[in-house]
Amino acid sequence: MKEILDKLPPKYQKALKQLGKEAAGSLEEIRILEGRQVLFYCGGKEYPSGIVTEQREVEAVLSAILSYSVYSFQKELSRGYMTLPGGHRVGVCGTVVEEETGIKVIKDISSLNIRRCRQVPKAAEKVIGQIMPGGAESVRNSLLISPPGCGKTTLLREIIRSLSERGCRVSVVDERGELGGAFRGRLQMDLGPRTDVLTGCPKARGMMMMLRTMTPRVLCFDELGGKRDQEALEEVLYAGVKVITTVHGTDYEGLLHTPLERLLRRGIFERFIVLGRQPVVGTVKQIRDEKGRVLL
1 MKEILDKLPP
11 KYQKALKQLG
21 KEAAGSLEEI
31 RILEGRQVLF
41 YCGGKEYPSG
51 IVTEQREVEA
61 VLSAILSYSV
71 YSFQKELSRG
81 YMTLPGGHRV
91 GVCGTVVEEE
101 TGIKVIKDIS
111 SLNIRRCRQV
121 PKAAEKVIGQ
131 IMPGGAESVR
141 NSLLISPPGC
151 GKTTLLREII
161 RSLSERGCRV
171 SVVDERGELG
181 GAFRGRLQMD
191 LGPRTDVLTG
201 CPKARGMMMM
211 LRTMTPRVLC
221 FDELGGKRDQ
231 EALEEVLYAG
241 VKVITTVHGT
251 DYEGLLHTPL
261 ERLLRRGIFE
271 RFIVLGRQPV
281 VGTVKQIRDE
291 KGRVLL
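Under this note's numbering, the residue at position 84 of the sequence shown is numbered 84, and the numbers go up by one with no gaps.
Keep in mind the hints are simulated off the structure, nothing from the lab.
Worth double-checking, as some hints may not be accurate.
Capping the alpha-carbon separation at 27 Å, the derived lysine-lysine pairs in DSS-like fashion look like this [claimed, not checked]: (1) K122 x K75; (2) K2 x K122; (3) K122 x K45; (4) K21 x K45; (5) K45 x K7.
Bear in mind the structure is a predicted one, so any value in this text is a computation, not a measurement.
Build out the structure end to end from the sequences listed, making use of the hints.
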């Protein structure tokens, strides 16, 4: 993250340092918003900086972060985010310019969200025994449930690495590049010695590609979506491959009132792991089995 922080205006760097080493060391996000205060999010808490940013400054910060090569990132900008060295990510808001094939570019940048990507080596310790109680053959289909910003991607990343290190062949469909943190084709995150990663491919299509070409024992992806994702997931399961994925939500009960209800009631997932923010981001609040019974 230092390589990005060093490119921020000195007044931003000073404001971050004034939070103290503990807070600055747990930095998660920096939000830069036109006409409003720059906000730091550290350890699940919000810290206003007292610095109000003008629109021209927002674009200047983006240009500096991208090493003044905004043009080379135009394709990523059209998706609303860019992955940077180290796997860190910048989300962008502004005015969308569309063409027949989709979004061409986002211009008049009005806000940025700089998200820190980091590995937490012991993040999976509490859950890996529930997901893989024995050898490679014992892996259970698992669903991580979490509101945005509560560490589900970080936890999934560490589960993938742990399974791979324990002898499992793992295939990862990383549609948005968040798990492997790929920057220009090279992974920035350690996902283990037996892990294949397909970056930038839609999840449903990627699942079929991995199933047919990489002979995985376990297939992982972030954020289970609509009908296409669910149908592809079921095809993977029919092939005898285990699945570990995530979904946005606050608890198990809430998912029973969503389009995922059918999958849940069929007992496809053998473990449900619910994350929260208290006492810290990424806390495992609850673990349930395939029948919804509370184990933890």
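To see whether the hints hold, each was checked on the structure:
About 35 Å separates the Cα atoms of K122 and K75, which puts this hinted pair outside 27 Å; it is violated. Proximity of K2 to K122 is assessed by CA-CA distance (about 22 Å); at most 27 Å being required, the pair is judged to hold. Between K122 and K45, the direct Cα distance comes to roughly 22 Å. Compliance with the 27 Å bound is thereby established for this hinted pair. In summary, the hint linking K21 to K45 is supported, as the alpha carbons are separated by about 15 Å, within the 27 Å threshold.
Using a Cα cut-off of 27 Å, the hinted pair K45 and K7 holds, with the two alpha carbons roughly 24 Å apart.
When held up to the earlier numbered hints, the structure conflicts with hint 1 and nothing else.
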